[in-house]
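Heads up: the protein sequence lines correspond to chains A, C, Y and Z, in order.
Start counting the first sequence at 203; every next residue gets the next number (this note's numbering).
Start counting the second sequence at 203; every next residue gets the next number (this note's numbering).
Start counting the third sequence at 203; every next residue gets the next number (this note's numbering).
Start counting the fourth sequence at 203; every next residue gets the next number (this note's numbering).
By construction, these hints were calculated from the structure, which means they are not laboratory data.
There could be a bad hint or two in this list.
What the hints assert, rightly or not - Dumping the calculated DSS-like pairs for lysine-lysine here, alpha-carbon to alpha-carbon at most 25 Å:
(1) Y:K408 x C:K211
(2) A:K528 x A:K641
(3) C:K206 x Y:K408
(4) Z:K641 x Z:K548
(5) A:K548 x A:K459
(6) A:K641 x C:K211
(7) C:K618 x A:K206
(8) A:K206 x C:K528
(9) Z:K641 x Y:K211
(10) C:K548 x C:K459
(11) Y:K548 x Y:K525
(12) Y:K525 x Z:K211
(13) C:K548 x C:K525
(14) A:K528 x C:K206
(15) C:K211 x A:K525
(16) A:K528 x C:K211
(17) C:K525 x A:K211
(18) Z:K211 x Y:K528
(19) Z:K618 x Y:K206
(20) A:K548 x A:K641
(21) C:K528 x A:K211
(22) Z:K528 x Y:K206
(23) C:K548 x C:K641
(24) C:K211 x A:K618
(25) Y:K528 x Z:K206
(26) A:K408 x A:K572
(27) Z:K528 x Y:K211
(28) Z:K528 x Z:K641
(29) Z:K525 x Z:K459
(30) C:K528 x C:K641
(31) C:K408 x Y:K206
(32) Z:K618 x Y:K211
(33) A:K206 x C:K525
(34) A:K548 x A:K525
(35) C:K361 x C:K576
Unchecked claim - Computed from the model, here is a short list of chain C residues facing chain Z with C-beta under 10 Å:
(36) I400
(37) D401
(38) Q433
(39) V601
(40) K641
Given the structure is predicted, the values throughout are model-derived calculations rather than measurements.
Where a beta carbon is used, it is the ideal one built from N, C-alpha and C, also for glycine.
Number of protein chains: 4
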Amino acid sequence: MSEKLAHEKVLRDPIHQFIHIQDQLVLDLINTPEFQRLRRVEQLGVTAFVFHGAVHDRFGHSVGAYELARRITDYFNQYYQSQTEGDGLWNPEEQMVTIVAALLHDVGHGAFSHTFEHLFNTNHEMMTQAIITGDTEINRVLQSYSPDFPNKVASVIAKTYPNQQVVQLISSQLDVDRMDYLLRDAYYTGAAYGEFDIDRIMRTMKPCATGIGFDISGMHAVEDYIVSRYQMYLQVYFHPVSRGMEVILEHLLGRVKELLVEGHNPSDLVGPLLAPVFEADHDLTVQEYLRLDDNLFMTAINGWQDYPDQILSDLSSRFLNRKPFKSIQINEQSAPYIDELEQVVKDAGFDPIYYTAQNDAYDLPYDDYKPTAKKPRTQIDLILGDGSHRELSDLSALVASIKGRASLDQRFFFPKEMLNNGPDDLFSQVHQNFRSLIKNDTFIPGER
Amino acid sequence: MSEKLAHEKVLRDPIHQFIHIQDQLVLDLINTPEFQRLRRVEQLGVTAFVFHGAVHDRFGHSVGAYELARRITDYFNQYYQSQTEGDGLWNPEEQMVTIVAALLHDVGHGAFSHTFEHLFNTNHEMMTQAIITGDTEINRVLQSYSPDFPNKVASVIAKTYPNQQVVQLISSQLDVDRMDYLLRDAYYTGAAYGEFDIDRIMRTMKPCATGIGFDISGMHAVEDYIVSRYQMYLQVYFHPVSRGMEVILEHLLGRVKELLVEGHNPSDLVGPLLAPVFEADHDLTVQEYLRLDDNLFMTAINGWQDYPDQILSDLSSRFLNRKPFKSIQINEQSAPYIDELEQVVKDAGFDPIYYTAQNDAYDLPYDDYKPTAKKPRTQIDLILGDGSHRELSDLSALVASIKGRASLDQRFFFPKEMLNNGPDDLFSQVHQNFRSLIKNDTFIPGER
Amino acid sequence: MSEKLAHEKVLRDPIHQFIHIQDQLVLDLINTPEFQRLRRVEQLGVTAFVFHGAVHDRFGHSVGAYELARRITDYFNQYYQSQTEGDGLWNPEEQMVTIVAALLHDVGHGAFSHTFEHLFNTNHEMMTQAIITGDTEINRVLQSYSPDFPNKVASVIAKTYPNQQVVQLISSQLDVDRMDYLLRDAYYTGAAYGEFDIDRIMRTMKPCATGIGFDISGMHAVEDYIVSRYQMYLQVYFHPVSRGMEVILEHLLGRVKELLVEGHNPSDLVGPLLAPVFEADHDLTVQEYLRLDDNLFMTAINGWQDYPDQILSDLSSRFLNRKPFKSIQINEQSAPYIDELEQVVKDAGFDPIYYTAQNDAYDLPYDDYKPTAKKPRTQIDLILGDGSHRELSDLSALVASIKGRASLDQRFFFPKEMLNNGPDDLFSQVHQNFRSLIKNDTFIPGER
Amino acid sequence: MSEKLAHEKVLRDPIHQFIHIQDQLVLDLINTPEFQRLRRVEQLGVTAFVFHGAVHDRFGHSVGAYELARRITDYFNQYYQSQTEGDGLWNPEEQMVTIVAALLHDVGHGAFSHTFEHLFNTNHEMMTQAIITGDTEINRVLQSYSPDFPNKVASVIAKTYPNQQVVQLISSQLDVDRMDYLLRDAYYTGAAYGEFDIDRIMRTMKPCATGIGFDISGMHAVEDYIVSRYQMYLQVYFHPVSRGMEVILEHLLGRVKELLVEGHNPSDLVGPLLAPVFEADHDLTVQEYLRLDDNLFMTAINGWQDYPDQILSDLSSRFLNRKPFKSIQINEQSAPYIDELEQVVKDAGFDPIYYTAQNDAYDLPYDDYKPTAKKPRTQIDLILGDGSHRELSDLSALVASIKGRASLDQRFFFPKEMLNNGPDDLFSQVHQNFRSLIKNDTFIPGER
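Please build the complete structure, drawing on both the sequences and the hints.
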């Protein structure tokens, strides 16, 4: 069992003012090396190349999600305590598993997660569960609370935990994870779009038989949250310049893989901590994974600037010194003609494998529950005065307008040099050809 | 000559909303590798171990200081333009050197500057000047503006530039550097203390024959700034827990030096980029220095956890996993008896050279001009209605109360284990001895 | 001609930090009695009965709208100055008429405007023009600038001024009036919904041949503004409780009219300043109108509590002591049966003429230009990279979802007593009948 | 006994986000006419003539002070609950009297309190007690809780309540009243000076045997509060322009008194609600007092503009149209020569009784407990780790610098016309004489 601390400890947090730590268990979890590692993993990765303020890390987000879970479950404890089993109300005994799951939900995130998972075939959610249930300090702390506690927490993150209220607080379309990261990303980027009325949302949240609902009086606050999220995706997370950095990162890591395949000496290319990542046919162990962080990758890239492979050293230098690839929009009509663009880039002396990329930014801002979907969404339900439920987009024209409609931004990336236009431009004719294929920031395939 | 951009570019900044870039020169400077390196150097170093939000870097601070300089000199251009030489007003031709000096004032900062400079005998101000005047991209951009421009900018930072208005805007007791970092540190830590009324201060700033003065109507805003600064030092910068991390960092880097002296193989201990730092009797070149950043040190520390030296691996692990040394206050009376404490720590099995430290946090929050001081301060002058000047503390009781009075917090640091108090504590008697020397967080020497 | 002030004056403003006054003309206008009267007219009237913080007045809003106009036109002066006539750019000579029209656009607003205009058949826009062109201090100040200046300013407010850029800055679907009041109302109510990214909107505003457009890069900020406005209407301006106060106000003023018609002595009922308002067949003169303010009405209501007419004294007391009528939603289906409700209210002893009301809150959040509409809207145009225009809802699914769709909240109001449910309730059976007609806050007509 | 509400009600508040109302008693008190009257009494009176945003009323401040009291006592209930009598901890049974006293502490405030009390010999604190214990709705609500409850609440406000913890939470040098008004005034004026770290202060507050102390870890937050308060007095509350309005108000009300003494017809001068105020030798009853509000005075002043007394109509017009008297500083040396100034004002045709004034703004920002003082202050005590107490200024140099040192700003007020300097100035010689007595905004007596 966990003991309450004699006096709560607080962490100063710029978003929630204070993170209140009231349980020895929570304090012990924060003090594990695995949790402290989150200080070395940035929340938004390459986005900070565009929004320079956004250098916050996953440690802050994790304690923030915990704090929201703590506040919501405290509120549930006070106002919606279950009286009889099956009354659809809140069981206070679920508080600890909820706040711990909120705290640990991102513990498996690694450096530049998106790029990393794509290239190295890992998955941060699986890794989170592995860290919770594997041979780690976190696991030992959780076991000291109760032997089955690691599995309970892991099942919340896997969404297999039986109590849907708990699961939905941690992962649904309006959960503590999203609420914290939207507010936090808005604060650190300086973009006002991500702000919404979290106090009101938390006050209108209600446990119910199917999970979590929202009192009808909170509808507009929920609408505002959905719209904020939608705006943050379009304005911040999809930003073409940070994606112009991301594709460089992808290509330079891909180049290292390729060089190793070609027989370059691993010990020249990657130090001992990074080596397991690039080892062929090797699944990273939890211990290996936990040594990785942003610093390790950035340091390797710093070093690769000196490596005697022209492509690797050039891409590394572009990444470190923020020379993003430029981009233009493509669409279903123009996508088939992309080899036309790649050819011109090649004519200008760049290997298109490493110097061009197609990158699609995609988000489905909101959807209702679609039982036949591959990953059905938990829809947001509003609760009327008489207790009946209505799905959000039923009542909100705003949300209906974006429901089930994916936001999609497809782009073709290429070196900035392709836009050169100077008198001493060696490839002046090629560059001119290239520019002739672009209109209003969009690829217009030529005739061939 | 610099050309104005056809349309200004802006960077979203959480403190100043937007950083406005209106000159090609400024844009080119920001795009140099040397300036981009500032993204990889945190502003507050170990402070983020206590205030988890405070992970902002020197890139943001540098463009912030630039933006303040731009706004102030725009205001001077509009309202205080010199009419005849020597009228003590503002010469608009000084704007460019001012905003560029503001932008570049920190470009020589390295990772964990304070610790680093102390251990490796470098100096970030000298390094800033070396980067501006040496063989760098920044230098080439500055030269393209005018051949003597690098030297002019460097002399502003060296405070030898003839125009005192420019010098004082960049470095004085109320300059763009301090104004930006106080606001920025307050924003990122979440501590409200650092806030002050920057709009009012900027509106009451005036160029004058002796440099920069402040209209009497701004006195209370200036007072508030001084008090905010004072509070930030005591509450944030002096925080004993972050200093408990700093001393570990110092000791672990010191241990590496020592191991190399003892003949350990450099290539086992430090990679190629870090090697020059530890080379005996070697002055770092600008090029070597510019490869250093936070990531490099953090990655080395990550690796040292596996190094077969018990002290180095232990200290590295404590640092990476945030296990700060604890501390107690000492003072002039008790300082001479510190060996008493060191002895007990040694009795508990810790080498006091690496497991204890005395650390003094010191700041002189404000002083008037003292011609005989080693580093005389530029005092803050208020300008009365009839144009006469009065030194700030003459009129402000608040400021008078802290003028010339150093804030000092002297502490003795030791491993947390010394406070153990459990039944299975191997050194239970030693730890008890240790605790008997502490009262109210302060060292009380015993009788010997 | 107006002279620039030797040094700008500033007003501290909680929304825009400072209002910068740089012209003698603007200062003189602010100092007229007609403009100072705006301090005595609240911006949101009865809304403060629900959002207690929202007691701000039209003085603050007017100088705020001025400040936005000043900033935008300064920006236009700097970046979009017309070179040749008809190039669709900005003529700096239009700045003065723009900022003065912004300052004065609300000068004809009276106490509780909405209610007042409805009952007494006045119109604040006509009144604004009358004050600008009539025998007033404002008119004299404007004339001193140039003899035709009053008419120019008035024609901007009447939207007949030839320059559409000026007209649209002052009144369109995204003008300085709306931008200021949304931000200001959000600040004072404490509702976050009204916030949007005004800095970004102002940076993407562009003068063009048809008036004012917005660079495509600002689309999401404009979307956010439209959504914020939509939310403020639904959440704040339509609030049923403040409308429950408004209908009391309407009825009590109507009762005074009725009593006068019935022959009550005017000098007992209304003091000399208020008398002209209630005089039969009398059009208020500008001079009479300008003596009216919130205080006058509130003081009269305070006094009417003692008046020997039961209905007037009761309604006055309800208004002053905040005893709002309650309400239920009605709709097209149920509206025809409202006499059913009125009858029950009558059965409970209340005169339905004074103790019930139907009140429709209506807003059309956005519409495109519809040439055949009664009041065609100026649509919001986005400007693409090649200079072509697209109407906002063409590109924004969010805005398309609310375009041309009126927000409407129809309610029936009645005394709170109708919901009584106590044992000592005299009208217990009547009240029960009444409640049986309500379900989920909505009127469900019974069978008759 | 009070019942808890089934679900708390909240009021949206721009300072504290939400005011949480959890008790039927508190809700009933807010709904009394006497409490609702506070909506019609502005918090800062004439200050809004300078800081136009600062139009907030005492209703908002009162519910704000209540909310702080609620949060602090909730915290005390959770962490510092008394175990045995006399242990110096907190008795939860004191919560209700504390939050109710906080809610009602200003209920006796009237329009323009400072001026009013001075002229009409009333006292808002006595009036508050009279309203609580007299024949009022508030009294009836309090009695329904328990018959002795009105007296208990009144005694807290009178500071005679036996429990010093309760008394000091409501009135001391750091109480809920001051904390709320500083934050609120800062928010509404837009002046940042009033901000301080209320969250931290509330967390370090501790009940103790002598009342309320502050944990040493909160010292800097308390310092910051003291300094903020000091700054708000100097920058906002002492503002010479609002005092230039206040002296006009005083003089015009004084003129009405004088005219009545001279035999003018009361019914021509003052309406029925205002009449009791001006009745000779009449003590206002609670019922008469409760009819007074800002509107009544402002309406009377509006009307007095037409009154056939030149002085009254002129002063009324100056007040309503914001034509403040100008002022210069005087001091102990120059004060005796003020008749010199008055004579020149008289020479210019103004009756010095009504057109000049001496006005001293005075505040003692902090003091320790001085048993022999007329009104001894409750000093602020810091609590060390071992439980011992230290008075704040003992440890804080900042606070020591202002302890016991009154802030004083003595000024002489006169009509703006005295500074006229134009060619068509009738009194040009007199005005020149007047100006010759002023230097640097200060009175320099001439030789006579």
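Taking the numbered hints from earlier one at a time, note which ones the structure violates and give those numbers from smallest to largest.
When the structure is compared with the hints, none of them turns out to be violated.
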